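J.: Could you build all of it, start to finish, from the sequences and the hints given here?
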Amino acid sequence: MEQNPVLEIRNLSRTFAHGAVRAVDQIDLDVQPGEIVSILGPSGCGKTTTMRIIAGLDLPTAGEVRILGKNVAGKPPHQRNVGLVFQSLAIFPHMSVKQNVAFGLRMQGLARNLIEAKVAKALELVQLSPEKFAGRRPSELSGGQLQRVALARTLVTEPALVLFDEPMAALDRRLRDYMAVELRSIQKQLGLAAVYVTHDQETASMMSDRVIIMNAGKILQAGTPEEIYETPNSKFVSDFLGDTNTLRIERVLEQKDGKSLVQTNAGVTIRVANSGDIGEGAFVIFRPEQTIVYPADPGGAFEGEVVSSQFRSGLHRWQIVLRGGNKLIAQSTENRLASSAGDTVWVTIDPGKARIVRQ
Amino acid sequence: MSMPTATGRFGIEWQLVKGITCMLLALMLAPICMVLVISFTSGETLQFPPPALSLRWYQEVWTMLVGPDAGIGRLRESLLVSLEIAALTSLVCVLAGVPTSYALVRYRFAGKTVIEELIGLPVVFPAVVLGIALLVLVSASDLNFGIFQIVAAHSIIGLPFLMRNCMAAMRGIDPMLEEAAMTLGASAPKVFREIVLPLASGGIGSGAILVFILSFNEFTLSYFLYSVDVFPLSIWLFQQANTSFSPAVFAVSSLIVVVNVAAVLVVDAVIGSRGSAA
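Going down the list, the protein sequences come from chains A and B. To convert, note that position 120 of the first sequence is 119 in numbering that gives the first Met the number 0; the numbers rise steadily by one, no gaps. To convert, note that position 268 of the second sequence is 267 in numbering that gives the first Met the number 0; the numbers rise steadily by one, no gaps.
Calculated directly from the structure, the hints in this document are not laboratory data. If you're wondering where the values come from, they're calculated on a predicted model, not measured in any experiment. Treat the hints with care, as some may be off.
[As the list claims (entries may be wrong)] Taking lysine to aspartate or glutamate pairs in the EDC-like style, the calculated list, with each CA pair at most 20 angstroms apart, reads: (1) K217(A) / E253(A); (2) K97(A) / E177(B); (3) K74(A) / E7(A); (4) K74(A) / E59(B); (5) K217(A) / E63(A); (6) K352(A) / D199(A); (7) K255(A) / D238(A); (8) K217(A) / D349(A); (9) K74(A) / E83(B).
[Said to hold, decoys possible] These stretches of chain A come out as covered by chain B in the derived footprint (C-beta under 8 angstroms, 3 or more residues): (10) 73-79; (11) 85-96.
Yeah, the Cβ is synthetic: ideal placement off N, Cα and C, and Gly gets one too.
T.: Structure, rendered in structure tokens:
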């Protein structure tokens, strides 16, 4: 049986300065029960504004927000049953860990012994031992521990929907990855519906069932993390999700069975995995790992010169300048060539992966 | 810590700065020190330096405050009136100033700048002019406001001091804390009570103590507005100084100085402990 979405956003807009700035521009978004949807985009793309509107901290200029099927227009934040974990965490500095976590329950007017029990359970859920941490002041906690307190404080109120505003942005990479995995397992365990707002595509990919890419107030693409990484619909989306190689298309030679053969400005024709009316200024895009580098010409390859090479986390990477002046990044798990700067190499592109996109 | 440079620490500039500072401090403190010293005189006059030291005038003040004839000299009465005025003034300023400060810090509304300017005005407004204006107003109304005409006057000049402290404390509160409280189910009044008031309590408390001192010491406005029934300590001191010049007046003055210094120390302690806790 199809369940109703926890969150439905219809045609939502938010303008500032009398319509001159369109922070959020007619977006639609659904979040199903038990699903995390990430809103991913550069700063100023409208993702945080969208989240604040869902929470009731900002008001839309047009459109509708429904939570559990009910339109929440005109409802203040405290009546929405939407939890929000802030980027700054916003732990109350004048309260102990226990008082912080108990705050929402106290606002609900629960009995004291019930609050005690729920707070202890919430602290255990985020792996803070209640005996050790309940009485601590926020100033005595590390960044990761504050993170957990913020999470416990929001989850303990059992909101219908949890919003995350880049709460892990301040943590270092390792801790962030660790927390992302843990948060994901807590979310699965509780069957939470959540919206995760971030500009960090790696965290978004780790965390989410679906990702929505936003730029300039609009949703550019929505899909699973794999879908968006494999089949970006624009150069912007592709660039945003990691290193992308881009070649300008001079001419489309052939389109057949959903595939294309195009002439690029690097002087070589490439087979790509999609087709479509691409018009002026279209590109071929492909990832560094979708290339193969050869020390000798295998035929039909791009000829170029290695500018630099690196080895990092088990991956070899080469910066290559093609004959036409285009720059490429190639990547491989094996060191296919012991080449260093100045060497001539040949590059081919996996025809099943390269795609044509509009500007 | 960087090493002190020759010009910074031992040069002529440093000597000059040190000299000027000491001179200013001496100028500021000398009169008060004189009052303190004379209050311990064993003599009947205000002779300086005193012939010998004693506590006789403090004993005299004690008798004036709690002795059987305490009603005649009116010292006890005026002290109590001053304390009452100061307490009420603090209360009025807190009740009026705290919500206003919050509105000015958090919200944008029409006329905000005007209000901000108006609140600062009494600080630079001549107290004499304000005193005359209020006196005219009170006389014209033909009503007896009793203690409240002085409380109202003191509140006008006290409010900016309270609000300055209060607004500084409130500006230091991260708005996200209030938003977090909202998303956790707190209505606006609860956010104010649970988050804003506790976090601004240091500023509100120090502002209230400041207003208390200001009101307790205030002379100009009180002079225009006092009556036979409402006779503050500052007026009592002024009249005593005009008529008797007994060293007892200096003993009272010394006690006031001590109370003032104690209050300032309390403010410092309150702000200091808040600062380190945050």
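J.: Taking the hints in turn, state whether each one holds.
T.: Going down the list of hints, with the structure as the test:
Pair hint K217(A) plus E253(A) does not hold up; C-alpha atoms about 32 angstroms apart against a cutoff of 20 angstroms. Restraint check for K97(A) and E177(B): satisfied, since their Cα atoms lie roughly 18 angstroms apart, inside the 20 angstroms limit. Restraint check for K74(A) and E7(A): the C-alpha separation of about 16 angstroms stays at or below 20 angstroms, so the hint holds. In summary, the hint linking K74(A) to E59(B) is not supported, as the alpha carbons are separated by about 68 angstroms, beyond the 20 angstroms threshold.
For the hint pairing K217(A) with E63(A), the CA-to-CA distance comes to about 16 angstroms; that is within 20 angstroms, so the pair holds. Under the criterion of a C-alpha separation no larger than 20 angstroms, the hint pairing K352(A) with D199(A) is inconsistent with the structure, at around 24 angstroms. With a C-alpha separation of about 27 angstroms, the suggested pairing of K255(A) with D238(A) is violated against the 20 angstroms cut-off. The hinted pair formed by K217(A) and D349(A) fails the criterion: a straight-line CA distance of about 31 angstroms is larger than 20 angstroms.
Using a Cα cut-off of 20 angstroms, the hinted pair K74(A) and E83(B) is violated, with the two alpha carbons roughly 46 angstroms apart. Against chain B, the stretch 73-79 of chain A contributes 4 residues with a C-beta closer than 8 angstroms to a partner C-beta. That satisfies the three-residue criterion, and the hint holds. Residues of the stretch 85-96 of chain A lying with their CB closer than 8 angstroms to a CB of chain B number 6, which satisfies the three-residue condition for coverage.
When each numbered hint is compared with the structure, violations occur for hints 1, 4, 6, 7, 8, 9.
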